[in-house]
Structures are given as C-alpha cells and as structure tokens.
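Take these sequences, add in the hints, and give me the full structure.
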Amino acid sequence: MRIIVIAAIAALFGLSSAKAQPPVSNPSGLISFNANALQALVQEAGWTARIEQNNGRPAIIATVEGRTLVLNPTACGTNGQCGGLLTFAVLPDQASLETVNQFNVRYNPIRATIRGGRVVLDRYTIADFGAARGSVVVDLAVHASMINEWWKFRGQGGQGGLSNAISFSPLIDPQETHNKQVSILQDVPLSLSLFEKLAEKNIALPTVAAE
Amino acid sequence: MRNLLRAVITAAAAIAAVMGPATAQRLVDDPNGVLTSVSFDQVEPVLREAGMSTQRRVIDGIPVLVVQANGRILNLQNRACDTRGECGGLWMFAFLDDTASLSTMSRFNQVSKPARANLLDGRVVLDRYLIADYGITRGSLMVNVGVFAASVDQWFAFNEGSSPQQRVSFDPIMTPPTPGTSTPNTGTMGVFDHQTSEVLSQLLRNGGLSNAAGEQELRAINTPARQR
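Respectively, the protein sequence lines represent chains D and V.
The first sequence runs 0 to 210 under numbering that gives the first Met the number 0.
The second sequence runs 0 to 227 under numbering that gives the first Met the number 0.
Derived from the structure by calculation, the hints contain no laboratory data.
The beta-carbon is built from N, C-alpha and C at its ideal position, and this holds for glycine as well.
It cannot be assumed that every hint is accurate.
To give a feel for the contact side, a few chain V residues facing chain D, derived at Cβ under 7 Å [said to hold, decoys possible]:
id	residue
1	Leu26
2	Pro30
3	Ser38
4	Asn108
5	Gln109
6	Ile130
7	Asn143
8	Ala149
9	Gln153
Computed beta-carbon distance windows for the label pairs [as the list claims (entries may be wrong)]:
id	chain 1	residue 1	chain 2	residue 2	range
10	D	Ser192	V	Asp40	45 to 55 Å
11	V	Glu159	D	Gly79	15 to 25 Å
12	D	Gly116	V	Val57	38 to 48 Å
13	V	Ile61	D	Gly55	14 to 24 Å
14	V	Asp28	D	Leu204	45 to 55 Å
15	D	Ala74	V	Asp28	19 to 29 Å
16	D	Ala74	V	Arg47	18 to 28 Å
17	V	Asp81	D	Gln52	21 to 31 Å
Have a look at this one:
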C-alpha cells in the first residue's frame with residue numbers, strides 16, 4: 000500500500016501519474032456509497048475496516064496505512080445507497096485557529112477543523128451518480144497520508160510545536176464524558192469516549208516528527 | 000485593500016458580463032457515464048450541458064476555467080496532469096468579497112461539508128478539491144460543481160447570521176487586513192503545496208475573479224440568497 004500512497008501523493012501534487020499500479024480491481028468501475036460496499040473496497044485495497052453503528056447509522060472505522068479514518072455515508076436514500084461520504088480523522092492534537100487556517104491555505108485536499116477541542120482532518124466526497132472505485136481508494140490513501148503532513152507541518156513550526164502536539168489533554172472534564180457528545184458535523188454526533196479512541200493511532204510518528 | 004477589491008470587483012463584473020446571466024442547472028445526459036479525466040477538455044462540455052457558463056483564461060501562465068454556476072463565479076484548476084494532458088485532480092476555488100474572524104471561519108468549517116473556508120490575506124476563499132485518478136461520473140461532477148457554487152450562498156447566509164461581534168476581527172491571533180497592504184502574505188504560504196499558494200497569490204495580485212456582495216454591478220447575481 001505504500002506504493003499507492005506515494006503514487007497518490009505524487010499525482011496529487013503533479014509529480015507523476017498514480018495510475019501505474021491500480022490499487023484495486025476494476026478501478027474505473029463504480030461504487031455506490033453504503034457501508035458494506037465501502038468496507039469491501041477498503042479491505043480489497045489491503046486495509047482493514049469494520050462497521051460500527053453510530054446513533055443507529057452505520058459508520059466504517061478503517062485503518063489505512065496505520066491511520067484511523069472514519070467513513071460516514073451521508074445523503075442516503077431509502078434503498079440504502081448514499082450520495083455522500085464524510086471521511087474524517089481525529090488527531091490527538093490541539094491547535095489555534097490561526098494554525099488551522101495556515102494549514103488549510105497551504106495544503107490540499109484535506110480540511111483541518113477544530114472539533115471538541117481537537118484537530119479533525121475531514122473530507123467530503125460527493126457521488127450522487129457513483130464514484131470510481133480507484134478514485135475512492137486514492138482519496139483514502141491521500142487522506143491517511145495527510146495525517147503525516149499535519150504532523151510535519153506542526154514539526155516545522157506550525158504554531159505550537161510537537162510538545163503541544165503530542166500531548167493529549169481532553170479539554171472537557173473527564174467526569175462529564177459519559178453523556179457528552181462531540182459533533183463532527185451536525186449529523187454525526189459521537190460519544191466523547193469514541194472520539195478519543197479514534198485519535199489513538201493518529202499520533203505523530205517518530206519518523207515523521209524527525210523529518 | 001480597497002484598490003484590490005475594486006480591481007477584483009471590476010474583473011468579476013467583466014466576466015459576468017461576458018458570460019451573461021446564468022441559466023438554471025439541469026441534469027446532464029448519461030449521468031453515470033465516467034469521464035476518464037478531469038481535464039478541462041472533458042469537464043467543460045459537461046458543465047455547459049448542465050447549464051453552466053464557462054470561460055478559459057490564462058492568468059500569469061496558469062490555465063483557469065472560470066465557471067458561472069447558479070450565479071456564482073468559480074475558478075477551476077487542473078492538478079496531477081500527465082504528459083497527455085489528462086488530469087486526476089480538479090481544484091475549485093471561489094474568492095469572496097468578504098472577511099471574517101477566524102472563529103467564524105472555524106464554525107463554518109464545522110457545519111459545511113463540501114467547502115473549505117480559508118482566510119487568505121484577510122479575505123475569504125472557499126475551495127474544494129476533487130480526486131479523480133480513475134475517473135468521475137458526469138453526474139457526480141455536475142453535482143460537485145453545483146454544490147460548491149451553493150456553498151458560496153451558504154457562506155453569505157452563515158456570515159450574515161453571525162453576530163456583529165463575531166464578524167468583527169476580535170480574535171487576538173487574527174491580524175485584520177490593513178488598508179493599503181493588499182499584497183498577499185506570501186510568508187505564510189508555499190511550504191508544501193506550492194501550486195496552491197502560487198495560484199492564489201497570482202490571482203489575488205491580478206484582481207482575481209471574485210464573488211462580491213453588495214456592489215451594484217454584481218448585486219443581481221452575488222448577493223446572499225435570502226435577499227434575492
């Protein structure tokens with residue numbers, strides 16, 4: 000999978016084409032967003048994915064290149080097919096709004112936001128008329144790789160530094176966590192305990208921080 | 000800053016005049032058909048079929064496809080192109096004649112899924128990036144661009160809904176735009192995604208193509224939706 004990530008990043012920034020090695024079978028074939036189809040696609044790409052119910056709606060918790068991404072199908076019809084896919088990664092980091100804006104101005108294609116006091120990197124894919132399987136896989140690989148880019152950005156002086164970046168100190172009183180929910184977006188409430196758990200793998204890796 | 004905005008508004012008005020009034024968006028034929036690339040050659044016909052106006056421009060050597068969709072002016076730029084001119088990335092951005100505090104930007108990014116709000120040189124820029132290394136369906140492309148255009152309306156409605164205190168730059172970490180200092184702050188750009196920084200800087204220096212609100216010549220197309 001590392002090849003895919005490198006190719007995707009290279010393609011994203013105009014260095015070369017990512018099409019040298021298709022990441023999945025039938026990469027130009029279409030997929031409709033639903034939990035089962037997405038889980039199968041992620042697994043075929045060589046990553047892991049499990050479906051969890053979040054407030055009665057399925058969400059896919061995927062491990063992509065060692066990073067935890069949450070795939071949340073949205074805009075779903077009565078047939079269970081969905082036209083949107085919100086993907087997000089919770090990072091064990093806190094940052095100022097200025098830092099977040101600096102990242103967003105410099106980096107494509109991921110959006111950095113602050114939610115529940117933590118950094119969340121999110122991305123919304125619209126595919127009302129289907130999405131190419133290969134493009135979805137590249138999208139996920141890029142998303143995971145952007146977690147590394149966030150930490151590089153922080154290590155290079157992105158307002159705060161790694162000592163602040165690595166520490167994980169919930170802003171909300173732990174005694175309140177049982178009933179607290181964090182709104183990733185208005186329609187994606189998560190329990191705070193799950194929110195914190197999702198961040199566990201998205202730490203700054205020593206190799207990334209040292210670069 | 001005032002001169003810059005005037006130049007931006009003039010440029011935008013000129014583009015709008017050339018393009019004429021936008022027509023209503025309509026569904027394209029064969030919406031499940033797959034475009035193998037998001038190069039302008041493949042994207043432009045679909046957008047026109049959907050009722051959008053398009054115009055190709057080269058700004059300081061950078062090809063930009065200017066799209067008028069639902070009354071909003073969007074700028075599209077190809078990314079990740081190979082030697083044949085086929086592209087796997089399509090970056091969409093829209094300049095807004097508006098400013099906001101960083102806290103307002105942050106709140107918008109928390110409630111809006113499809114558009115990312117950035118504050119660049121004191122001005123609001125919305126953007127969205129499509130990844131299509133293995134293609135995109137004609138219908139999904141149309142929806143993506145239409146939704147992004149609608150995000151401009153969403154921004155104005157959102158920012159108008161902010162309290163005056165929220166709209167004013169009261170955040171101590173935000174440097175408010177200073178009149179007469181319209182040159183982009185390139186010191187905060189260009190670290191990683193050089194193309195992003197470069198294009199935004201060039202367009203800002205050249206007046207860009209903006210979505211203005213409140214100017215007489217653009218009021219018909221670029222005012223917040225609830226005032227229409």
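Unsatisfied constraints (hint numbers, rising)
1, 3, 8, 9, 11, 13, 17
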